[in-house]
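A.B. asks: These are the residues of each chain, in order.
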Amino acid sequence: MIFPEFVGGVHLPPLVPYIALAGTIGFILMILPGLIWIERVVIALMQDRSGPNRVGPRGLLQSTADVVKLFFKEDMSPKSADIKIYYLAPFLTVLCAFSAGGVLPLQTLTFHLANGDFQTVPLTVGDVNIGVLYILAVSSLQVYGVVLAGWASNNKYSLLGGLRGSAQLISYELSMGLAILCVVLFSGTCQLNKIVDAQSGAPFGLPLPEIFNGSIFSWFWLGTGIIPVVIYTIAMIAETNRAPFDLPEAESELIAGFHTEYSSMKFAMFFTGEYVSMLVVSGLNAALFWGGPLPPLNIIPFTLIPGFVWFITKVMGGIFFYTWLRATYPRLRYDALMHLGWKRMLPLGLVWLFLLAVVSLGRSPAKSADNVPEKPVTATQQVQTLPNAVAHR
Amino acid sequence: MVTVIAFWVLAILSVVASIAMVVTKNPVRSALALVGTFLCVAALYILLSAQFIAAVQVIVYAGAIMVLFLFVIMLLNLGSPGALRERGSLQPVIATGMGICFLIALLLSGSLIKLRLPAGARPEVYEPLGTVRGIGINLFDPKQPWLFPFEATSILLLVAVVGAIIMAKRKV
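Protein chains in written order, with my numbering: chain A, 1246 to 1638; chain B, 136 to 307.
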């Protein structure tokens, strides 16, 4: 799809990040009730139950009813809580979860400039050169929501949940970082759009037909040798405190963990934060390992579908995987969780990173996407002239 | 213009947060104020086009070290904030006096010693220096003098990790 540079006198390319901002936030807020519905329906299917079927057709309005109920519930807070921090914690959770989504590469838009050239602009809120590091930084701030909620409630179950949550997040962030480093090593950049670009070539640089360029075989899940994507996927589930790693809110031992004392909209904000961060880490998974907005095969019915649709499809695949795991596995014991994180995934990730570093010595450096000397341009105005052949992406 | 406003807002916020960190009696709030300072400093790094250092500042200080601090504070269970207060100690008075002296010295050094720039030169930030690529080239390029110190630091950190494990193992 190619857009003209001017529509009705409005210069379009600088507006793209704002469109991405509105689109990302709007999509997340719109899909949230849908996500809860999807999760309940999928789990019901897997457990051979009916699932939600009372409110609206096929129970579609169940989440809406729940939200309305949460809105009108009494807002209670414990007497001995540290009230300022108690109210700050859910806001921090939601804020960090939303702001991490700012660097996800949704699509690349191509504009036909007035002088005949083509300009590609990434449909990203901020296409910064520290993209991957930014997501790691923001998600490491997400611990504070959990820890402060657990501490400020002044409840022993909440405190235990908060402590578990922070220990878990710190432990699994290391493995997650190692898995991401494998991708950064092969793509030679931290910028998520360039990581997607690095996956758009032929698989392993082999001389294969055009159809395989940027196909499912050239994405980094295969390119980095499957181990990093497995490590990342396990770590991302632990990072978002979902089953089977939902120890911070284990209802059979800690009532509801760090959000025991939170009711009505404050609880809803924790819930929102959890689902938004599920979307964001699935989005990062899609961008790093599953080609982001690239179609699975480079032939005509797939390439006609716009990139953001593929991206959302891949994110939804991640959400389905979450639900699948939740319906399948029992919760881990706490020592088993730490054992898996520190004694299995971390050494494996380190060894694999070392092996990939050896392999990448043999690759010619010209293949990396970041090897062109950078011109000092701002992130929103990266001008690249393209040959006409690439314009259909 | 935007950068100037952003600088002043961030500068005032970071100073207020660091004063709050010293003054607050409650240890958890004090730690939170320190996190606020770190975040403001990270934003100031971004204003200086040092994005990589900003991200590392958030990951390492705000994300890892301060979480460890909070962890320890919560596990120690310091009880009521009043219990921590030292009675009849001269330390706060002396510290305030020394702090004011230091501030005056800083202000004086800024106004007395004038750094002379060559005619026509303007202080500017070399843009690509702060990116991941710029930092990488400066750290790992054999022509630059930083490769050896960098590797030496990594060995130092490794020694520290091994030392910590040995010290901890003795008591287990």
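These are calculated hints, taken from the structure and not from any lab test. Just so you know, even glycine gets a beta-carbon here, dropped at the ideal spot from N, CA and C. A couple of the hints might just be wrong.
[Claimed, not checked] Listing some non-contacts, in silico: residues in chain A with all C-beta distances to chain B over 10 angstroms:
1) P1258
2) I1281
3) L1290
4) D1327
[What the hints assert, rightly or not] Chain B regions said to be covered by chain A (calculated; three or more residues, Cβ under 8 angstroms):
5) 159-172
6) 188-200
7) 204-210
8) 264-277
A.B. asks: For every hint, state whether the structure bears it out.
C.D. replies: A quick look at each hint next to the structure:
no., hint, verdict
1, P1258, "holds, 21 angstroms"
2, I1281, "holds, 29 angstroms"
3, L1290, "holds, 38 angstroms"
4, D1327, "violated, 8 angstroms"
5, 159-172, "holds (count 5)"
6, 188-200, "holds (count 8)"
7, 204-210, "holds (count 4)"
8, 264-277, "holds (count 3)"
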